[in-house]
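In case you want the letters, here they are:
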Amino acid sequence: MSENKLLEKPSKEKAEEIMREVGFEERLEAVKMTSMTGDKKKSIYSLKNLVNFLEVNKGINPFETNKKGGITYIDLNETVEWIKNTLNDKKLAYGIQSRLKEDESYMNNLNSIKPLLDQRFEQCKEVLNKV
Amino acid sequence: MNGYMGKILRLDLTNKQKKTISTSDYEEFLGGHGIGSAIFFDAVKDKTISPFNPKNVITLMTSPLSGTLAPSAGGRTEVQGLGPQPYPTEWFTRSNFGGRFSAMLKYAGYDGIVIEGKADKPTWINIVNEDVVFEDADGLWGMDTYSTQEEIWKEVSGNPSNSPEDREWYQKDRGRDDGRTTQKPAVVAIGPSGEKKSRIGALIHEAGNAAGQGGFGGVFGSKNLKAISVLGTNSIEVADPNALMKAREWIHENYEYDEEDPECEHPLDYGSFPGFSFITDAPGSGMGFWPKVEPARPQGCLSCPKNCRMRTESGYGSESICVEVVMYGGQSPKERYKSANLAQRHGINVYPISTTGHKYLYDLYKQGFLGENGEVETDLPFEKYGEMEFIRALLNKISSREGIGDDLSEGVVRAAEKWGRLEQDLSSGLLQRPNWGYPQHYDPRIEVNWPYGSILGSRDINEHGFNWDIHWIPQVSTMLGLDPVFDAEEVVDNVSNAVVPFEGNKSMFDFGEDNIYSKDMVKTIAWQRYYSRSWKQSVQYCDWFFPNFHNPSNSPTNQGFTPEAEPKFFNAVTGRNISFKDGMNIGKRIWNLDRSIWALQGRHRDMEKFADYVYEVPKKAPYFVSSKQNGEWKWENGKGRTLDRDKFESWKDRYYEFEGWNTETGRPTRGNLEELDLGYVADELEEKDKI
Ligand code: SF4
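Protein sequence lines, in the order shown, are assigned to chains Y and B.
Residues in the first sequence are numbered from 114 upward in steps of one, following the working numbering.
Residues in the second sequence are numbered from 525 upward in steps of one, following the working numbering.
No wet-lab data here; the hints were simulated from the structure.
Just so you know, even glycine gets a beta-carbon here, dropped at the ideal spot from N, CA and C.
Among the clues, some could well be false.
If you want a taste of the chain B side facing chain Y, the calculated C-beta under 10 angstroms gives, among others [what the hints assert, rightly or not]:
{"#": "1", "residue": "Thr879"}
{"#": "2", "residue": "Thr880"}
{"#": "3", "residue": "Asp887"}
{"#": "4", "residue": "Gly892"}
{"#": "5", "residue": "Gly895"}
{"#": "6", "residue": "Gln956"}
{"#": "7", "residue": "Asp967"}
{"#": "8", "residue": "His988"}
{"#": "9", "residue": "Trp996"}
{"#": "10", "residue": "Leu1006"}
{"#": "11", "residue": "Lys1144"}
{"#": "12", "residue": "Ala1145"}
{"#": "13", "residue": "Tyr1147"}
Sample of chain B residues with no beta-carbon within 12 angstroms of chain Y, all distances over it, derived [stated by the list, open to error]:
{"#": "14", "residue": "Glu907"}
{"#": "15", "residue": "Ser1001"}
{"#": "16", "residue": "Pro1076"}
{"#": "17", "residue": "Thr1166"}
{"#": "18", "residue": "Glu1208"}
Quick list of simulated restraints, FRET-style, between CB atoms [to be verified]:
{"#": "19", "chain 1": "B", "residue 1": "His776", "chain 2": "Y", "residue 2": "Lys214", "range": "44 to 52 angstroms"}
{"#": "20", "chain 1": "Y", "residue 1": "Glu239", "chain 2": "B", "residue 2": "Asp1130", "range": "54 to 62 angstroms"}
{"#": "21", "chain 1": "Y", "residue 1": "Lys204", "chain 2": "B", "residue 2": "Glu1156", "range": "40 to 48 angstroms"}
{"#": "22", "chain 1": "Y", "residue 1": "Lys214", "chain 2": "B", "residue 2": "Asp1130", "range": "48 to 56 angstroms"}
{"#": "23", "chain 1": "B", "residue 1": "Asn1029", "chain 2": "Y", "residue 2": "Glu217", "range": "32 to 40 angstroms"}
{"#": "24", "chain 1": "B", "residue 1": "Lys908", "chain 2": "Y", "residue 2": "Lys204", "range": "27 to 35 angstroms"}
{"#": "25", "chain 1": "Y", "residue 1": "Glu194", "chain 2": "B", "residue 2": "Glu899", "range": "26 to 34 angstroms"}
{"#": "26", "chain 1": "B", "residue 1": "Ser1174", "chain 2": "Y", "residue 2": "Glu142", "range": "26 to 34 angstroms"}
Isolated chain Y (complex conformation) (with noise of 0.2 angstroms):
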């Protein structure tokens, strides 16, 4: 998959399903870093979620946050299995499975997903009609 492709747009009843929010056991993990507070456990239970919190300042990479902020981790691989048979969006698992390198940093990885999930996240906010 390019770079820039979109996906296909989801439709209303798979946007719906894409978009809502999971129960406690299908919760991802995650965890924030920043130097003021050492690492946090944070709950991921939407792709909302998952966007906000990989979104650390809009327009610049997660990690770029000026003066300090932190670093928002993931397990890449957990993403995509959790994309996949969660929320059951096989296609945006595919994509970012498919631009995940195994011999790549964190951040790059990261990067290189991070439009992708905001694409199908802004994909699904418009087939529902949400700002």
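Dock chain B with the ligand against the given chain Y, drawing on the hints supplied.
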């Protein structure tokens, strides 16, 4: 007594009496924490009382460097007493806040304040030099911390507004040389949360200086004490002003950011990711990414060159730093900073309700345990989690003790215990509170200097000295996919060069899986405990600036300013001639005094255990620390580690032995206390059968 004002104010709220104690009686304990512990030991006969008992004594202590040009030590205040926050035992504990309160207290003529008793009605204390008045706080009770301070400023200064044309000389009946000033008084206040005796009630000074840990806001509330205001116009005698100025120039020229290039984040040239401002001291480093959002300028505690905080155009988050700026993490910056302000207005300690607090509540809601139809009923608007509406409602409930707020005002851990969830959630790690009910900070399974120091003490240590060098900076670069910015061996060399009296022992910084239980790690912990108790909490060099081991401003060696700077400023101000090692010995003495107070409260080695998840749930995320593998220093990834229960118990044996404590009980012994000239402390332990 250069640097000291010579007297400590002792205020009895029950009888509305004021006395002074001569500072020289306690000078051997340096200042701040040391003097606070020594006074507490003498003043509280029964150390097993509740923190809310009127006989509990709270000390607010300055340092001989407060109010002087000593970098980062000019404006900090150490707070001690029995604290209601530690779980399950309400240990004698400590907190500290920055700003300018301690400097003003010195200018008023005092090295500290000792508070005892309980006022019969809401009271605030008005100190203007030698005048000390117990004022009626009926009109202030119920007000938030910001409004309280504004009312007191008006009351003391007599000017009705802050507009320049109305600004008056505050003591206008005095001459210029005997006390006129345009300074506003420095006020420390509690909010509604403290008034309701919350165990997570904080003391707030100005916008963002908080003594949060310990629950001293609740203790003030239990004493009907709303605020203390101080206005002082005296000066501090400095033994050698020339040496002080020279020392300040020395530290600036060699170890601080370059004012020609204040954005300096060297040596990592990666966008603008921070991390290095902690060691290069670029101003404003504590405000996260706010400057992306609106104009802001650096701000700091009195006389601190680091100026790690910021004042923002909107006022949101002004002067806030550290955990409060990520309190409602994951939300928009504006909401995050608004939340920080809100918590500070309520006078709520941000840390226990921040990420690990509200996240836990939301997880319980998702399990159906909390909520309108949950096992624990609450109308908290969980559907608005992530928005201001949720955090506003949560803070209001805690502050007013309304509904679920009554449980949460006791702290999340005690609430979880009441709900019957504590054991299971500490075991699974859903609730990450490794020691004494305090939130997990740096990882207790890997960077063990942090949890070991915490469990041997009374709280989360919150001491970043080693942490920047041996974990955070390599962590950042590794996660960014860059080559490590600093070579592990170079860092370990620089850190180990500085750790007098154990200098040269590099194995103290080997955080490999086996070495974390070693005798070397005993020395790491002992060094940190002694250093913190003396230089950091008694002399009160700020944790964000001291100690300094590895400093890229000081090329080519990158060696930091510890252990040279600590005695340099202290001696210039006081005229004494103590060495760094002397300071460490005093720190050891203070540490043993604290340990004795905990023994008198019933501390036993069996209590010094972490929450089960630390031993049972492997670390899930990458976590890099310095470690020697096959003869080579590396940044090792501790992902997947747990702490070994038995090995940690054996490590405790080694630590107790090293200190000369009883390995059966973990308590100090007569021999070790007498060696530290604390025979009188051993007497009390013996009398109470705790030795
Ligand atoms: S480093 Fe920051 S918190 Fe510490 S004294 Fe300086 S300004 Fe205050």
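Structure-based check of each hint:
no.	hint	verdict
1	Thr879	holds, 4 angstroms
2	Thr880	holds, 6 angstroms
3	Asp887	holds, 6 angstroms
4	Gly892	holds, 8 angstroms
5	Gly895	violated, 12 angstroms
6	Gln956	holds, 6 angstroms
7	Asp967	holds, 6 angstroms
8	His988	holds, 8 angstroms
9	Trp996	holds, 6 angstroms
10	Leu1006	holds, 8 angstroms
11	Lys1144	holds, 7 angstroms
12	Ala1145	holds, 4 angstroms
13	Tyr1147	holds, 7 angstroms
14	Glu907	violated, 10 angstroms
15	Ser1001	violated, 10 angstroms
16	Pro1076	holds, 16 angstroms
17	Thr1166	holds, 15 angstroms
18	Glu1208	holds, 37 angstroms
19	His776(B) with Lys214(Y): 44 to 52 angstroms	holds, 45 angstroms
20	Glu239(Y) with Asp1130(B): 54 to 62 angstroms	holds, 60 angstroms
21	Lys204(Y) with Glu1156(B): 40 to 48 angstroms	holds, 45 angstroms
22	Lys214(Y) with Asp1130(B): 48 to 56 angstroms	holds, 50 angstroms
23	Asn1029(B) with Glu217(Y): 32 to 40 angstroms	holds, 38 angstroms
24	Lys908(B) with Lys204(Y): 27 to 35 angstroms	holds, 31 angstroms
25	Glu194(Y) with Glu899(B): 26 to 34 angstroms	holds, 31 angstroms
26	Ser1174(B) with Glu142(Y): 26 to 34 angstroms	holds, 32 angstroms
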